[in-house]
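Residue numbers (the working numbering), protein chains in the order written: chain F, 1 to 467; chain D, 1 to 382.
Since the hints were derived computationally from the structure, they do not count as laboratory data.
Quick reminder that beta carbons are idealized off the backbone N, C-alpha and C, glycines included.
Some hints could be false.
Claimed, not checked - Computed Cβ-Cβ distance ranges for the label pairs, DEER-style:
hint: 1; chain 1: D; residue 1: Thr-179; chain 2: F; residue 2: Lys-6; range: 49 to 57 Å
hint: 2; chain 1: F; residue 1: Ser-298; chain 2: D; residue 2: Gly-126; range: 52 to 60 Å
hint: 3; chain 1: D; residue 1: Ala-135; chain 2: F; residue 2: Gly-104; range: 41 to 49 Å
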Amino acid sequence: MSAVPKHENYDVVVIGAGPAGLAAAEMTAGFALSTLLLDENAGPGGQVWRAINSTPVKSEALLGSDYWSGAEIAKAARDSGAEIIHRATVWSLDRNLEIGVSVGGGSAFIKAKRVIIATGAQERPFPIPGWTLPGVMTAGAAQTMLKSSGLVPDCPTVLAGQGPLLWLLAAQILRLGGRIDHILDTTPRANYIAALPHAFAFFTSPYFGKGLAMMREVRAKVRVTSGVTELAASGNGKLESVTYVAGGKRETLPAELLLLHQGVVPNVNLAMAAGVEHRWNELQLCWTPVLDAFGNSSIAGIAIAGDGAGIGGAQAAVWRGRAAAGSAIKAARSNAKVSDVSPQLRRAERGRAFLDVLFQPAKQFRIPQGDTIVCRCEEITAKDVLDSVAIGATGPNQLKAYRRTGMGPCQGRLCGLTVTELMAEARGKTPQEIGYYRLRAPVKPIMLSELASLPKNDEATKAVVRG
Amino acid sequence: MSQLRDWTLVDVIIIGGGIHGCSTALHLCLAGLKPVLIEKDYAGRHASGVNAGGVRQLARDVAEIPLSIRSMGIWENIADLVDDDCGFESHGQVLVAENEAELADFRARVADLNARGFTHEELIDGAELRRLVPAVAESCPGGVVSRRDGAAQPARTTAAFRRKAEQLGAIIHEGVPATNIRKDGKLWRVDVGSERYAAPALVNAAGAWAGHISAELYEGVAVETIAPMLMITSPVPHFIDPVVILRGRKLSFKQFKNGTVLIGGGHLATPYKELNETVLDWRKLAESARTVFELFAVMRSATIVRAWAGIEARMPDDIPVFGPSAVHEGLYHQFGFSAHGFQLGPGAGAVMAELIAHGGTQTPIGGLNISRFSKPTPSATA
Chain F
1 MSAVPKHENY DVVVIGAGPA GLAAAEMTAG FALSTLLLDE NAGPGGQVWR AINSTPVKSE
61 ALLGSDYWSG AEIAKAARDS GAEIIHRATV WSLDRNLEIG VSVGGGSAFI KAKRVIIATG
121 AQERPFPIPG WTLPGVMTAG AAQTMLKSSG LVPDCPTVLA GQGPLLWLLA AQILRLGGRI
181 DHILDTTPRA NYIAALPHAF AFFTSPYFGK GLAMMREVRA KVRVTSGVTE LAASGNGKLE
241 SVTYVAGGKR ETLPAELLLL HQGVVPNVNL AMAAGVEHRW NELQLCWTPV LDAFGNSSIA
301 GIAIAGDGAG IGGAQAAVWR GRAAAGSAIK AARSNAKVSD VSPQLRRAER GRAFLDVLFQ
361 PAKQFRIPQG DTIVCRCEEI TAKDVLDSVA IGATGPNQLK AYRRTGMGPC QGRLCGLTVT
421 ELMAEARGKT PQEIGYYRLR APVKPIMLSE LASLPKNDEA TKAVVRG
Chain D
1 MSQLRDWTLV DVIIIGGGIH GCSTALHLCL AGLKPVLIEK DYAGRHASGV NAGGVRQLAR
61 DVAEIPLSIR SMGIWENIAD LVDDDCGFES HGQVLVAENE AELADFRARV ADLNARGFTH
121 EELIDGAELR RLVPAVAESC PGGVVSRRDG AAQPARTTAA FRRKAEQLGA IIHEGVPATN
181 IRKDGKLWRV DVGSERYAAP ALVNAAGAWA GHISAELYEG VAVETIAPML MITSPVPHFI
241 DPVVILRGRK LSFKQFKNGT VLIGGGHLAT PYKELNETVL DWRKLAESAR TVFELFAVMR
301 SATIVRAWAG IEARMPDDIP VFGPSAVHEG LYHQFGFSAH GFQLGPGAGA VMAELIAHGG
361 TQTPIGGLNI SRFSKPTPSA TA
């Protein structure tokens, strides 16, 4: 592992060392394309295989076999000849395939002939009343602590929301001896019926058996309330209780920790900032990039693989990574023998439609009302957004002029989807018509001093990068 | 407004929904005229919505100073005009001399302005500079201040002008470009999607796209498309009130109430006008970062959270094209503000409305006429 990129030009730069990025880098390097894999974590694995080489949780059963399958792919990437740099934050990518990357407190610019964006997913915002209280956190954040440090909740804990990762996290917490007092399942009852037409594909997919077993395992140990239609966190300065409505009945639970999760959505910031065209995905209720079968985007030379291409899970991510890599290899060496991975990809994506429909979050958990905070950076409520719409704000970019939403350090990661759907509903438009924030580099903040110390010109850049 | 077969007859057609088009629309309404404003994207989509927000009389070309002073009077009571204070704050703007040679040039400049009767620029010594800008490097010997200057929020301002114009009766078309612009007898005719407008007056306020329109109307001038870059930092403790600009090195600098600092100064991105996109030049932004780093030690721990560029028009002599056409009766130009048009917007709209409604204005604008460029080609429709 090197400290800074060894070269300023690469055949392929892969961004993100999760399942898609590892598989893609291994394959392009295997075909002798100069390959650089940049990743912002301390080690490979992305979110799903986080800390795969370093987790203190060594028992295979505790994290599950899907987790440990990552070790093999990480090793293959390491042995492939690809240059891999961790703790490298890509903060800029443009349509000329120039990349600004920060490593070890310094920044460098790299040019690529092909870029494969494999920056994965992020958790969907879950804007309920009180979601900004200390003591309320995302399930993803809890899972990061669990995988990296083996930390699990030991105080009165409520887990609320829906989706496969919610159940996976519950199972992992319980196996490690953590505490969960109550699970509040927000899956809308109508979704079970809507998902039926897709059920056959799901029952014959690899997810089915595992998912069912995990839910049984959790239900055996924790009280689960299904059909939750309202959810609120409250407390004086910190979380003290969680109130919910299920079957028309309102209940309040004491809690010191509330873990929220209602699925993941593509992490679009880098791709959008580069100018990649995205469209509103009516099934997954998020923005997904417009891609061909190999993940190639609207910008020549930029492909997107993994969950950033639309949520598909880790197995699909691996095959999407290989499909994008194959396309990059073909572009560089037209006579290269690259095998067609579309059958494997199709198989890995099997059953996804069922999950997408079943776990489509209910409207009231996506589109908040009244005093519920939408934008955490600027503390803007749903009512504030609607008031701005009433005096002329027509979309998320115009809203910035009224409320500064999306202009804080998170660059809309925590409010963007909510703002789009809230404004679409208020204006009687589709989310596609309403649009999304225009995102800008740096997609992750960089120190002024780091930018200031950049080499002054190309000559000096070379001197530093090569030195 | 009346229907002329399938034509809607109005008094003025304005092309371009930036601060200039919106301000002209608003002032035309105040003058009792009915304008239609046509904007291919949405009001404030480009430079007017994403510029540095400087409200600056300081360091302007002499030819545009009267328009700038006219505008300043409006800025100081902006809420009376548009029902929104537009985030306008008046803490002055300071041009910092980085060395004695620059200060000598500034001294001559201020003397020249005084001789012309302009008193808004005031030479200051090192002590006054440090009183106004305590964080500035010790090596700077003085500068020039324009004390009534300040800054406003550009997108909010453009939105406020658009909103008020619409309230006063302007027709605002957004999201559809003006096409098939032509003169037919005494009337200008323009298509907007399936709708058609006719008016005796046409205002070209299309910014970076104005060159195409003037060329179509046989009054082509060299309009360059530029995209000045800006970046903004995370909040740092309050350390500066006025806007600070440099002359030698490209830098402008402004701290907002929330502590964030806007860094600009005119380094350019590559515009992709047809895509409505820009590609930033990070090596140039690094130069700005280095200048800030050297002059303001307090900024060294700040982070850059976002950078962007807005697409706009620049003229060869860096001053706008403003006033009646030299070729066509009823055609008016209001473009090419060359990266310093935001402050001029309110005043330029007022003056443009006077030109159209009364055929003249008391504000001297002769130096901004399009006729200063090469002889226009003869009109095909004359």
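These are the hints, each one checked on the structure:
no.: 1; hint: D:Thr-179 with F:Lys-6: 49 to 57 Å; result: holds, 52 Å
no.: 2; hint: F:Ser-298 with D:Gly-126: 52 to 60 Å; result: holds, 54 Å
no.: 3; hint: D:Ala-135 with F:Gly-104: 41 to 49 Å; result: violated, 29 Å
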